[in-house]
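J.: FYI, the numbering for the sequence shown is 109 to 432, going by this note's numbering.
In case anyone wonders, no lab produced these hints; they're calculated from the structure. Heads up, the beta-carbon is just placed ideally off N, CA and C, and yes, glycines get one too. Honestly, I wouldn't trust all of these hints.
What the hints assert, rightly or not - Listed next, with one range per pair, are the computed distances between beta-carbon atoms:
#	residue 1	residue 2	range
1	148	396	25 to 35 Å
2	183	411	42 to 52 Å
3	407	160	55 to 65 Å
4	345	121	23 to 33 Å
5	147	338	16 to 26 Å
6	183	162	25 to 35 Å
7	127	170	14 to 24 Å
8	410	235	26 to 36 Å
9	338	306	10 to 20 Å
10	155	354	37 to 47 Å
What the hints assert, rightly or not - Below, computed lysine to aspartate or glutamate pairings styled on DMTMM-like, alpha-carbon distance capped at 25 Å:
#	residue 1	residue 2
11	144	340
12	144	154
13	144	167
14	144	112
15	144	177
16	144	124
17	144	125
18	144	159
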Amino acid sequence: MELDLSLAASFLVLAEERHYGRAAARLSITSPALTKRVQRLERQLEVVVLDRGPGGVVDLTPAGFRFAEAVGPLLAHAQPARSAARSATNDDRTPGVVRFGIPAGSAAALRQLDLRAVARQLRQEHPGTTLVCVDVDFVEMSRCLPDGQVDVLWTDAPVLHTGVTSVPLGLSSRRVGVVGARHRLAEAGAVSAADIVEQRMLYNPAVPEEWMTPFWLGDLRGRRQARLLPVDARDHAAVLMLTTRLNAVIVTLEVSADCLGPSLRPVVLRDVPPVVFHAARRRAERRGAVLTVISALLALGTRSLGGPAGSDAEPVLAPNVALM
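Could you put the whole structure together from the sequences, leaning on the hints where they help?
T.: Right under this line is the structure:
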């Protein structure tokens, strides 16, 4: 019997939520798309796994209960095997390359980070090795290292994964609010944390919580007090577009503020602590080139990244382009 494990994983989310809308939001897909996944799974299993009720509410059939109990351990073993295979394959395909992961669409925000100095130190200690920037989809922030997509990840929070270790750097950035030009806070200039937390804020439930939390100020208030607006935004450009379209608020890093378009306005946030950047790698990583990149990032010193980039700033780095 052929069994698509991705369909089984979607079914388990639906079994946990017992509601198509909530499960679809967790999976970052539409309810009709989730319905089609379940229908395909039922065709593969040749049994009905769900009783469908009104309003998107579902219950499991006896066959659905048995399948959920059996497939859970299978999926738990499949993911580490997949990650190990992808990691080995990627390593074999890219000799002499260290892939530096950055949140998708944020390359322009790194103009104040001297990545070329990092690349120079890498070449000095490991001649012939190149540093390449790779965009990482927001929902992949916790999985990109275990899955072998990148070798080093630049992130504003430690990665909470048993196979990953994160090192805090001396670099930080203040957080700022961003609103559309027609939002009532567009001309505010600066607001307190108490003012901003009352606003509707964009939130992607599929993004790892440790990475998403600083951007809805979850470190300052609980989820019950937040007015979160779920969206499926997987890169920086999508977030900015939805901010204008939905007349909502986002929180971003000051280092990104000079990348806003004319339809958006930055708002200074008072009493909001900065975020500290981290460099993450696979816990089992032993390649000297990767460890050199981590050391070079630590050697960049202690400072805050933010404000308009000067004329001597590093040029914008396109993803998948080697740094010379």
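J.: Quick check: does the Cβ-Cβ distance between residue 183 and residue 162 fall within 25 to 35 Å?
T.: For residue 183 and residue 162 the Cβ distance comes to about 30 Å; the hint holds.
J.: CA of residue 144 to CA of residue 125, is that 25 Å or under?
T.: This hinted pair holds, its Cα atoms lying about 17 Å apart.
J.: With a cut-off of 25 Å on the C-alpha distance, tell me whether residue 144 and residue 154 pass.
T.: Holds: residue 144 and residue 154 sit about 15 Å apart, inside 25 Å.
J.: Hint check: residue 144 vs residue 167, CA-CA at most 25 Å. Holds or violated?
T.: It holds: about 17 Å lies between the C-alpha atoms, which stays within 25 Å.
J.: Given a hint of 25 to 35 Å, does the C-beta separation of residue 148 and residue 396 actually sit inside it?
T.: 46 Å, violated
J.: With 10 to 20 Å as the target window, see if residue 338 and residue 306 comply at their CB atoms.
T.: 18 Å, holds
J.: For the pair supplied as a hint, residue 144 and residue 124, is the alpha-carbon distance within the 25 Å limit?
T.: Given that 25 Å is the threshold and the Cα spacing comes to 18 Å, the pair holds.
J.: Within 26 to 36 Å: is that where the Cβ-Cβ distance between residue 410 and residue 235 falls?
T.: 30 Å, holds
J.: How does the Cβ-Cβ distance of residue 345 and residue 121 compare with 23 to 33 Å: does it lie in that range?
T.: At roughly 27 Å between Cβ atoms, residue 121 and residue 345 fall inside 23 to 33 Å, so the hint holds.
J.: Evaluate the given range 14 to 24 Å for the C-beta pair formed by residue 127 and residue 170.
T.: 20 Å, holds
J.: Range hint 16 to 26 Å: satisfied by the CB atoms of residue 147 and residue 338?
T.: Because 24 Å falls inside the window, the suggested range holds.
J.: Quickly compare the C-alpha distance for residue 144 and residue 112 to 25 Å and report which way the hint goes.
T.: 13 Å, holds
Hint compliance for this structure: hint 1 alone is broken.
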